[in-house]
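A.B. asks: The lines below spell out each chain.
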Amino acid sequence: MAEIKLEAVAKSFGAFAAVKGASFTVDHGSFFVVLGPSGCGKTTTLRMIAGLELPTSGRILLDGDDVTSLPASARDIAFVFQLFALYPHMNVRENIGFPLKCQNFPRAEIRKSVEEAARLLRIDHLLDRRVGGLSGGDRQRVALGRAIVRRPKAFLMDEPLGALDSEFRRLMCGELRALHDRIDATSIYITHDQLEAMAMADRIAVMNQGRVEQIGSPQEIYDRPKTMFVADFIGAPPMSFLKVHTAPRRGDRVIWIDGARVEMPELFEGRAEGKFALGVRPENVAFADSSQLRGRVIGAEYLGTTQIVTVTTAGGQVKARLPSGKPVQVGETVGLRLRSDKLSLFDAASGAVLSSALDGGGRHG
Amino acid sequence: MADVSLVDVGKRFGAVEAIRNLSLSIADGEFVVLLGPTGAGKTTTLRLIAGLERPDQGSVVIRGRDVTGELPAERDVAFVFQQYSLYPHLTVYDNLAFPLRSPARRMDEAFIRRRVQQVAELLHIEQKLTNRATALSGGEMQRVAIGRALVREPAVYLMDEPLSSLDAKLRAELRLELKRIQRELGTTILYVTHDQIEAMTMADRIGVMSEGRLIQLGTPREIYERPNSAYVASRLGTPAINLVPAELLASQSAPLEARTVGLRTEHIRIFSADHSGPRARVHWVEHLGDQNHVHLKLDSHSLVTLADPAQELKAGDEVALEFLQPLYFDQSGNRIAADGVLA
Numbered sequence: 001m002a003e004i005k006l007e008a009v010a011k012s013f014g015a016f017a018a019v020k021g022a023s024f025t026v027d028h029g030s031f032f033v034v035l036g037p038s039g040c041g042k043t044t045t046l047r048m049i050a051g052l053e054l055p056t057s058g059r060i061l062l063d064g065d066d067v068t069s070l071p072a073s074a075r076d077i078a079f080v081f082q083l084f085a086l087y088p089h090m091n092v093r094e095n096i097g098f099p100l101k102c103q104n105f106p107r108a109e110i111r112k113s114v115e116e117a118a119r120l121l122r123i124d125h126l127l128d129r130r131v132g133g134l135s136g137g138d139r140q141r142v143a144l145g146r147a148i149v150r151r152p153k154a155f156l157m158d159e160p161l162g163a164l165d166s167e168f169r170r171l172m173c174g175e176l177r178a179l180h181d182r183i184d185a186t187s188i189y190i191t192h193d194q195l196e197a198m199a200m201a202d203r204i205a206v207m208n209q210g211r212v213e214q215i216g217s218p219q220e221i222y223d224r225p226k227t228m229f230v231a232d233f234i235g236a237p238p239m240s241f242l243k244v245h246t247a248p249r250r251g252d253r254v255i256w257i258d259g260a261r262v263e264m265p266e267l268f269e270g271r272a273e274g275k276f277a278l279g280v281r282p283e284n285v286a287f288a289d290s291s292q293l294r295g296r297v298i299g300a301e302y303l304g305t306t307q308i309v310t311v312t313t314a315g316g317q318v319k320a321r322l323p324s325g326k327p328v329q330v331g332e333t334v335g336l337r338l339r340s341d342k343l344s345l346f347d348a349a350s351g352a353v354l355s356s357a358l359d360g361g362g363r364h365g
Numbered sequence: 366m367a368d369v370s371l372v373d374v375g376k377r378f379g380a381v382e383a384i385r386n387l388s389l390s391i392a393d394g395e396f397v398v399l400l401g402p403t404g405a406g407k408t409t410t411l412r413l414i415a416g417l418e419r420p421d422q423g424s425v426v427i428r429g430r431d432v433t434g435e436l437p438a439e440r441d442v443a444f445v446f447q448q449y450s451l452y453p454h455l456t457v458y459d460n461l462a463f464p465l466r467s468p469a470r471r472m473d474e475a476f477i478r479r480r481v482q483q484v485a486e487l488l489h490i491e492q493k494l495t496n497r498a499t500a501l502s503g504g505e506m507q508r509v510a511i512g513r514a515l516v517r518e519p520a521v522y523l524m525d526e527p528l529s530s531l532d533a534k535l536r537a538e539l540r541l542e543l544k545r546i547q548r549e550l551g552t553t554i555l556y557v558t559h560d561q562i563e564a565m566t567m568a569d570r571i572g573v574m575s576e577g578r579l580i581q582l583g584t585p586r587e588i589y590e591r592p593n594s595a596y597v598a599s600r601l602g603t604p605a606i607n608l609v610p611a612e613l614l615a616s617q618s619a620p621l622e623a624r625t626v627g628l629r630t631e632h633i634r635i636f637s638a639d640h641s642g643p644r645a646r647v648h649w650v651e652h653l654g655d656q657n658h659v660h661l662k663l664d665s666h667s668l669v670t671l672a673d674p675a676q677e678l679k680a681g682d683e684v685a686l687e688f689l690q691p692l693y694f695d696q697s698g699n700r701i702a703a704d705g706v707l708a
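If you're matching them up, the sequences are chains A and B in order. Each residue of the first sequence is one higher than the one before, counting from 1 in this note's numbering. Each residue of the second sequence is one higher than the one before, counting from 366 in this note's numbering.
Chain B on its own, in the form it takes in the complex (with noise of 0.2 Å):
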């Protein structure tokens, strides 16, 4: 059963449409993370749902329910924001509180102290359930603000990037109890991004959205792997795809329609000069801690690949290459399959 559902929603700021005739299905249980740059209309999307935006056509159902004409109260989500909103003069505890002590909800202590207390150990945060919310880290802060969404137990969480302001290890251990604990709870959510490796792990399906409209839905091997277009196979990947004209590869037996060529960078084999095979020369190798990216000169075009550490090289050197797997893509963007079939 879908717990929510968009169903052809359009909507418009002026002169900008920001959504285009949108349909998207979340199941229940189901963590669904929307991709995209700043723009394309990911976020529009969250508060069109949450009841912050009115469609201008098209309907918002969840749990069954038509909720286009509904305002957000009325509706059964909880949006966590991308800068966490926290109460200041309050303990952790009534943060946490707060939304089971709103008045049209009414819950009794008892029931809220169970909550809270079920959720900070979530959360790992039942040890500061006493302290200020000021007297906390950012890490902790998130937390505190994802725990208030999660106190209530909503159709849906719509959580707009909750993770991009804390640094890269927080991000990471966080990343992991989010998922684990929307197992846990067989929780619905729909994620806003741009990070991928949000996308990669977190999703069960990844939307990848730009201006305005869904390109692609499905899971990460899915978009990945067979992506629809140009587009969506640049989204993912770091480094990103290397997208050449398909003259360039005349000696690959590309289908006629192809104009574009997508190798990623676990498709491109360095071989030593002698080697048979397009050649190329290494540009420079640049150091990024985790990754060397080996910057190449294929004729005029570069393409960036990863360094395998094993591989000594160097600027200048020449090598030759293999492409295995390249994805083709016709005149306007669309994957078409080896054999020439729209993929």
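With the rest of the complex left out, here is chain A (with noise of 0.2 Å):
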């Protein structure tokens, strides 16, 4: 167990930026995601907690303490990288001791812990088989459990799952969150993947070009993105703009795109004239044919149970997603109306969310 904080946590290297004043709190046994594309300074910012970089400026706390400047053997964090390598001559318990036998632990006490460890993690009964005969999972467990088995105060991950098949990747998610439950540690998890973040995390931390943008639950982010890079990051499909040009005054519950009422939720701040982008999830977008807000569908995906229609509108496209069932025409024109309190409304030009009743009723940025 241990709190992590980082405190304006920056890192260049050379003339780039990779990471651009991090400010997190990681709260004792609690499950961490850090979420962003390649290149977004995600694992940077881990290995910076890991001691395996050193900031260019800011601070790194574990449980209070600076370690900032200390090495990454003097910090106790265990850190689990995308590709696990095992050591093939050796057998599961070998495998998973070898860390307490580098740190000339007693053979009992390694006994002890290794058992308890494969345990935990639900492969005690292959202790004494050699590694190599093993199904991928068991191999991604004996790795697991090395790195859990010198009880660390934290654990940092690196996309350790993203050398797995889709599949398989979403069985290890519910493994992974229910071993960390077990073992009551503090995770921090690197990810691009939002289906993992969202399974998993307690909280995201959503980074694009070395910023965090946004730090919420799972629903938070999703249902309320601060920045149109959070929004269309996540959800599959994104999160839909409609372009308007106007003057969002506060108190406004309005919106016109094109000539056509929409009511969105009430703004608690106005911004001058100039570009705007309401956003709309796809769930929450529905076939109206009283709705003044009109387009022409140019595209209709069948998923099984839902299809994801593409419509186009003076505002720009919007996908809708719809029960299969509905019968829907590529070339009509439809009415499409949009669920008045799940609506965001971004500026244009900086990308971020103008405050509103959505943030739940209370007035904050």
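Calculated directly from the structure, the hints in this document are not laboratory data. Because the structure is a prediction, the values reported are computed rather than measured. For glycine and all other residues, C-beta sits at the position ideal for the given N, C-alpha and C. Do not take every clue at face value.
Stated by the list, open to error - Coverage of chain A stretches by chain B, computed from C-beta distances (three or more under 8 Å per stretch; other residues unrestricted):
id, segment
1, 191-201
2, 231-240
What the hints assert, rightly or not - Listing some non-contacts, in silico: residues in chain B with all C-beta distances to chain A over 12 Å:
id, residue
3, E486
4, R497
5, V516
6, R624
7, L663
Starting from two chains that each stand alone, build the complex the way the hints lay out.
C.D. replies: Now the structure itself:
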């Protein structure tokens, strides 16, 4: 167990700023996911927490102690890399026990710790097997065993499931989260896969170009994105944006998109006239003949349970998730009703969301 | 005319029967997706067509020619692998041109330039042609890898999970692009994936595989709406179809042979407890972002269904259920139509 705190941590490689002032706190016992596209700085952030990179500026605190300049070996943290290298000539027991053997632990203690780790991972029946003959999943579990056997204060995981096929990845997500809960660990997990993040995290930090764009619970990140980047990165398909040129005022509950009236959550702030984007998730769009917001159907992707229908409107393309039983004709003109309590208005220039009643009624940024 | 046919192909690796009696015909210009879990034999099927493996029995026919005994280079196929393997010391242009410059083909440079330009435009990487392959994002690298296959015009493109290492947003973009390119060029593609969304959105026909066998082959709609077995039914749909013992739903007029009933999420209706119908209890509501799943307990069985955003449900609520269009499966998992005939 540990609390990990980053205070304005930045890292540059030459002229390239990989991480630009990341600040967040990972609470004791929580599962924290850093999510972002490749090159967003998430791995560099993790490596600084591990002590494998030295920040250019900022502080890293582990349980309140400043560890910014401590080497990796002096931080009680286990790092699980994407590609697990098991020692092929050792059996499962020797692989898991290796980190303890290196630190000259007494043999009885190693034995006890290894068996405990194996029990937690439900691979105690495999202890005397060679790793070569194991299935992919069991190999992954052995590698995890090697990380947890030291009982470190925190686990850092860099896309540990990246090399697995998608089906197996889902299964391991559940196992990893259950393991985290059983051993009461603090975990930081890096991924570009939003499903992994949604399925495992207590809190998610979304990173883009070296910056933390938003930190929140999976549901917050999904329902109330703070920036257009977050709205666009999360969701499959992502949020659609309707372009509007307007001057939004505090207290507005209605926005006009090319003459069509659309209700939205009450705005808590106004802005000068300019370009804005009304964001709507596909599941919050329905067809309604009476709606003034109209568009032409340009495509429908059949997904079985649902279909994703793409409609061009005066404000741009909108994707709607509709029941697959609903007949849809490409080329037909339809009315669109957007769920008024689920819309976000973004400043298109900065990408930042305008604070509104969507934030839960209270006024905060 | 079939571009590629597998006729009764079998392949073993030691004791493992990787492919069993596989017959499959892919028409000219068709996009066929093989879907199945790890170990189902999907990749082996691709490798057999490419000539990277030799079948123990049966034959491989490409454009009417039996190629079973031919080397990979003699077959008219292009392969795209899961992990993009670009030449890091070459530019994007040279990576794309590479397959055309092979001594076996020996195309003239003017032709190569036209072809590379054309493919680069198709993939929206024409701005990157002079970049080193290593100075690209993951999505761009994978586009170059796909482009390297597209510069050639083989009888068939074989693609092994080409999008699986990309993030969701890129994957969705490339999925649409790949389908667009395939339509525009009329190419024939055999594509292997675990991802049901890729299969549903790109395929003209989906082949569902399990343990080396082709279990069902059909359009996405056929596979989803008329699966021939409980296995196929469970491969498609999110959340997955609920399979429950037939006796649990005694009130439904199930055919006599039915042992298992399949209930898709869109066919489960949830009403307040004062409504008639089987009773269930809300176990928990799982928020997954774009989907919220309701976990229901019906006797001792769990049902998972999509939450209707307009319906306020919370753990502990008692509800009444209605089941529409259930699918019935017999003892061995084969689907039987509602009138009792094997489907």
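A.B. asks: For each hint, tell me whether it holds in the structure or not.
C.D. replies: Tested hints:
A stretch counts as covered by a chain when three or more of its residues have a beta carbon under 8 Å from one of that chain; for the segment 191-201 of chain A and chain B the count is 6, and the coverage holds. A stretch counts as covered by a chain when three or more of its residues have a beta carbon under 8 Å from one of that chain; for the segment 231-240 of chain A and chain B the count is 7, and the coverage holds. Distance check for E486 (chain B) against chain A: the nearest CB is about 22 Å away, which clears 12 Å, and the non-interface claim stands. Every CB of chain A lies more than 12 Å from the CB of R497 (chain B), the least distance being 16 Å, so the non-interface label holds.
No Cβ of chain A comes within 12 Å of the Cβ of V516 (chain B); the nearest lies about 25 Å off, and the non-interface call holds. Every CB of chain A is more than 12 Å from the CB of R624 (chain B) (nearest about 24 Å), matching its label as outside the interface. Every CB of chain A is more than 12 Å from the CB of L663 (chain B) (nearest about 20 Å), matching its label as outside the interface.
Going through the hint list in order, the structure satisfies each hint without exception.
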